[in-house]
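Which chain is which? The protein sequence lines are A and B, in order. For the first sequence, the residue numbers in full-length UniProt numbering are 1 to 189. For the second sequence, the residue numbers in full-length UniProt numbering are 1 to 217.
Each hint should be verified, as a subset may be incorrect.
What the hints assert, rightly or not - Covered stretches of chain A (chain B as the covering partner; in silico rule of three or more C-beta atoms under 8 Å from a C-beta of chain B): (1) 53-66; (2) 84-91.
To be verified - 30 Å max Cα-Cα, derived DSS-like pairs, lysine-lysine: (3) K5/A with K96/B; (4) K67/A with K64/B; (5) K49/B with K68/A; (6) K58/B with K67/A; (7) K178/B with K99/A; (8) K68/A with K28/B; (9) K5/A with K95/B; (10) K96/B with K68/A; (11) K127/B with K58/B; (12) K99/A with K41/B.
It is worth saying that the hints were derived from the structure and are not from the lab. Keep in mind that this is a model prediction, so the values were computed, not measured. For glycine and all other residues, C-beta sits at the position ideal for the given N, C-alpha and C.
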Amino acid sequence: MQAGKPILYSYFRSSCSWRVRIALALKGIDHEMITINLIKDGGQQLAIIEYLEETRPTPRLLPQDPKKRASVRMISDLIASGIQPVQNLSILEQVGQEKQLTWAQNVITSGFTALEQILQSTAGRCCVGDEVSMADLCLVPQVANAERFKVDLTAYPTISRINKTLLSLEAFQVSHPCRQPDTPAELRA
Amino acid sequence: MTESGKPILYSYFRSSCSWRVRIALALKGIDHEMITINLIKDGGQQFSKEFQALNPMKQVPVLKIDGITIGQSLAIIEYLEETRPTPRLLPQDPKKRASVRMISDLIASGIQPVQNLSILEQVGQEKQLTWAQNVITSGFTALEQILQSTAGRCCVGDEVSMADLCLVPQVANAERFKVDLTAYPTISRINKTLLSLEAFQVSHPCRQPDTPAELRA
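Same shape as in the complex, but just chain A:
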C-alpha cells in the first residue's frame, strides 16, 4: 500500500461493488482497485458507504434530517438485505440451474413491488427527495440485476424513472459494470 490510497476490492458485475464504486465516484475519492473474481458476496457494502459518509462528508449521501435518513436507510436495507442477498450468485448456485431464473425473478418482483409502493411517499427526482443518496446507490445496481433476470420493469414506473435519471449522472456511468478493468470484452461498453 505505497500510495496510501484506499483500495477497493471489486468485481465488475457485483451490484454490491457497484454501490461502493458509485460512492467513491460521487465523493471524488481517489482509490486503487483490485479486481476479484467473485466467490462470495459479503453484503457489507452499506457499512463502507456509511464510513465514507462520516469521513468524507461532501457531497452528502445521506440527508441531514433524521426522518429522511430513516427513509434512505430503509430503502437501502430493503434492497441490500431484502432483495440482493436472496438472489446473489451463491444462493442461485444452491437453488440450481433449473429454478434459478424463476427464483431470482420472484425475489426481485416481490421486493420491487414493495419498493415501488414506498417510493410513492418518498421519491422526488431520486429515491428520497431530489438529492442522490445511499438509496439511489442501491437502486441502480439492483435494476441492472432485474434486467439481467428479465424482470418486466414496466410494472415499476417510479423505479424506472429514477433509474433513468441516475444513469445519466457521471458517477453512475464511470462506475458501471460495462466500464470496469475486469469487464469481459463482450460486455464492454
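Chain A is already provided as a structure; the job is to place chain B on it using the hints.
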C-alpha cells in the same frame, strides 16, 4: 396512532429482526406499545391488507414513531440512535462504527434474510434444515474470524452496540436449527455475556405477549 402518542412496535415473538429492535427500545428505555403480528397464523398476518399498507415488504419489525413509519430493523435502530442518543448503540469513532455496521450487515444481510421463514418455505421442508445450517455456518465462520480483531466483552470493544443486537437473535436462530456452536467460541462467549443483561432478557422471545404457552419462560 395510539391515544398515548407512544411509539408502536409491530413484532413477532420469534422474529430475530423484531428482537433486535426490542433490545434497542429496552436499552434506550423507550416506552412503547407493541402490536403482535403472527407470521404463521391465518396464513400469516403480515399478508393482511392493513399490514401491507403499513409495510409493503410485509415483514416485521415496523416502528411507528414521531409521525413516521419505519421498516427494516437496522434503519429503525439507526433512527433511534440519532434521535434518542443515550445510551449509545454506536461508538463515536468512525472506524469502530464501521466495524459495528459491518458486523450488523454481515448478520442482517448475509445470514438472516437467506434463512428467514419466507425463504425456508420456498426451499421446501426436506431441505430446510440443511439450507439454514449451511447459511448460518458460513456466516458464523466469517463472523468468528472478524471478531478476533474487533471483540472485547462485546462484538466491538466492551460496549454494547448494534452489532450485539444482531448477534444474540442470530445465535438463537442457530440453536433452533441445531448448528454446533462449539466451533464459534467468541460468538458463544459474547452471546452468553449479553444474555445476562436485562435488556436482552426482557426482550427475549420467551417473554413476549405473543409467546405461546409451551415456549414461555
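Item to complete: Given the hint that K49/B pairs with K68/A, test it: the Cα-Cα distance must not exceed 30 Å.
Response: holds, 25 Å
Discussion item. Check whether the Cα positions of K5/A and K95/B lie no farther apart than 30 Å.
Written reply: The hint holds at about 16 Å.
Worksheet item: Quick one, are K127/B and K58/B close enough, alpha carbons at most 30 Å?
Response: holds, 24 Å
Worksheet item: Counting residues of the stretch 53-66 of chain A whose CB is closer than 8 Å to a CB in chain B, do you get three or more?
Response: This one holds; 3 residues, not fewer than the three required, reach chain B with a Cβ under 8 Å.
Discussion item. Holds or violated: K5/A and K96/B, Cα atoms, limit 30 Å.
Written reply: Given that 30 Å is the threshold and the Cα spacing comes to 20 Å, the pair holds.
Worksheet item: Three or more residues of the stretch 84-91 of chain A near chain B by CB distance under 8 Å?
Response: That given contact holds, which follows from 4 residues of the stretch 84-91 of chain A lying within Cβ reach (below 8 Å) of chain B.
Worksheet item: Within a Cα-Cα threshold of 30 Å, do K96/B and K68/A meet the stated pairing?
Response: holds, 24 Å
Worksheet entry | Restraint check for K68/A with K28/B, where alpha carbons must lie at most 30 Å apart | holds, 22 Å
Fill in: Restraint check for K67/A with K64/B, where alpha carbons must lie at most 30 Å apart
Distance of about 12 Å is within 30 Å: holds.
Discussion item. Given the hinted pair K58/B and K67/A, is their Cα-Cα distance within 30 Å?
Written reply: holds, 21 Å
Practice prompt. Would you check the hint for K99/A and K41/B, treating anything up to 30 Å between C-alpha atoms as holding?
Written response: Satisfied, since the Cα-Cα distance of roughly 29 Å is no more than 30 Å.
Worksheet item: Does the alpha-carbon distance linking K178/B and K99/A stay inside the 30 Å limit?
Response: holds, 28 Å
Violated hints for the displayed structure: none, as all numbered hints are satisfied.
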